[in-house]
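Visitor: Each chain is listed here by its residues.
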Amino acid sequence: MSIVNHQSSIINRLQLWSLKKSVWVFHVNTGACNNCDIEIVNLLTPKFDVERFGIKLVGSPRHADALLVTGVGTRQAAKCLQEVYRQTAKPCVVFCMGACACGTGIFEGAYHVAGPVDNIIREVDPNAIIAYVPGCPPKPQAMIMGVVKALSALQPKEKYATERVGQTVVADPG
Amino acid sequence: MTDALQDLSWILIFPGFVFTLAVGLLASWLVRKVSALVQYRVGPPVYQPVADVMKLMGKEILIPQDAQRTVFVLAPLAGFSGVLLLSTMLWLATARITYVGDIVVAIYLMVLPSLALILGSSASGSPHAAVGASREMKLVLGYELPLVLALLVVIIKTAGLVEPGEQLSLAAISRHAPVLSISGLLAFIVALLCVQAKLGFVPFDIAESETEVASGVMIEYSGALLAVWRLMQAMMLVALPLFLVVVFLGGIDLSGWSLLWGIGKYVLVLVLVILIKNTNPRVRIDQAMRFFWHYCGTALAAAVILAMVGNYYGIAWL
Chain A
1 MSIVNHQSSI INRLQLWSLK KSVWVFHVNT GACNNCDIEI VNLLTPKFDV ERFGIKLVGS
61 PRHADALLVT GVGTRQAAKC LQEVYRQTAK PCVVFCMGAC ACGTGIFEGA YHVAGPVDNI
121 IREVDPNAII AYVPGCPPKP QAMIMGVVKA LSALQPKEKY ATERVGQTVV ADPG
Chain B
1 MTDALQDLSW ILIFPGFVFT LAVGLLASWL VRKVSALVQY RVGPPVYQPV ADVMKLMGKE
61 ILIPQDAQRT VFVLAPLAGF SGVLLLSTML WLATARITYV GDIVVAIYLM VLPSLALILG
121 SSASGSPHAA VGASREMKLV LGYELPLVLA LLVVIIKTAG LVEPGEQLSL AAISRHAPVL
181 SISGLLAFIV ALLCVQAKLG FVPFDIAESE TEVASGVMIE YSGALLAVWR LMQAMMLVAL
241 PLFLVVVFLG GIDLSGWSLL WGIGKYVLVL VLVILIKNTN PRVRIDQAMR FFWHYCGTAL
301 AAAVILAMVG NYYGIAWL
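Protein chains in written order, with our numbering: chain A, 1 to 174; chain B, 1 to 318.
Don't take each hint at face value.
Short derived list, chain B residues pointing at chain A, Cβ under 10 Å [stated by the list, open to error]:
| id | residue |
| --- | --- |
| 1 | 30 |
| 2 | 32 |
| 3 | 167 |
| 4 | 169 |
| 5 | 218 |
If you're looking for bench data, these hints aren't it; they were derived computationally from the structure. Where a beta carbon is used, it is the ideal one built from N, C-alpha and C, also for glycine.
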């Protein structure tokens, strides 16, 4: 029994290592002004080159390990965001990029806002792993730091996001 | 019994599964690293492909509601086994272990990954995947003709050189380097572009273009099934450049220092493919078809005539 446990813990640790070393991100815009999106694309340029850390932009949420969500989450986009979250293969992390995604920013209480991104995601999955990177827009350095902090907070025990006890991972760039 | 065991160890361990996989993962790292260097980036560390595959193995497998489940799950395995057999066969051909008709089998096995990709993506029931599958199908129609014509040139060039009593096979072809003649060089360039399309690299990555059809043929695959596709692509990075080396560049000699020269040829072909990948934009499907049929087809018709003339008059450089 102990041998089995030992092996499974080794496999868990290897999986966690590979999850941290190879993060494929899918970019979702839920009504952003395009400023955060430009900064996200900036991450892939030679200056920041996040491929050094194994971070790669992918074209389909099925391939993604992390959703980079920008924008306030408008009523139109909220349903799509929930659908994209459901389609993402678990385990996955949701990153709220920018002031709007973290807490609706200057659009707080506006008629078209369905709430900050974390509320929208939690309607689908109450135990989702959500990280916040504030800023308008956040600097690319802050984004990299947010990703690093969120990943280092992952524990070997957690296998799927849905099995996790609700506890948010907060990445503060400051 | 021992023969069966030896065959099994060929397929599973030495030139087959384990060896090809290791070389393939290294080659796919090389692709990303050289691409990064071309773009003045640092690029991923050497263990990156391993980490990618291990991560995908641990992820959830999602199968769409509308998918034809059996085909959807079995298609990656079919493509994977096709590339595995191709690679084993090519390594055995470099070791002079061969049989009659292996050229035809090699052509057949090279179509298998594309065929599996078309089957798998059609079975997923996604409209994006359907667009990707139709593009892949047209691309296969486009590049198969020039590839077969290029092989025809090689066969014409080497048929006269085969010793009496010897069969015309990959091992016999790999003893000559047709690239050192005009027609052989033309055929090599066209075959290199066909390999580019087979690998699904820019400028012929039309089927899985990420910006237009969101990874196209691969869109619905996740977890371990996606990992099998990735492994298949990694192994194609071994098998297809090796095919070019065996057919056009005189093969790999497995003894002594000439082994290094053989590995050098393989790396040369791989780097050529990567550089073409990094210096070209993606073409449309109609442009790709026109390119392969009109331009490559015409060039190869000329090459076939040159090779026949050269063979008839005994001029080796034609």
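Visitor: Report the numbers of all earlier hints that the structure fails to satisfy, in ascending order.
Guide: 1, 3, 4
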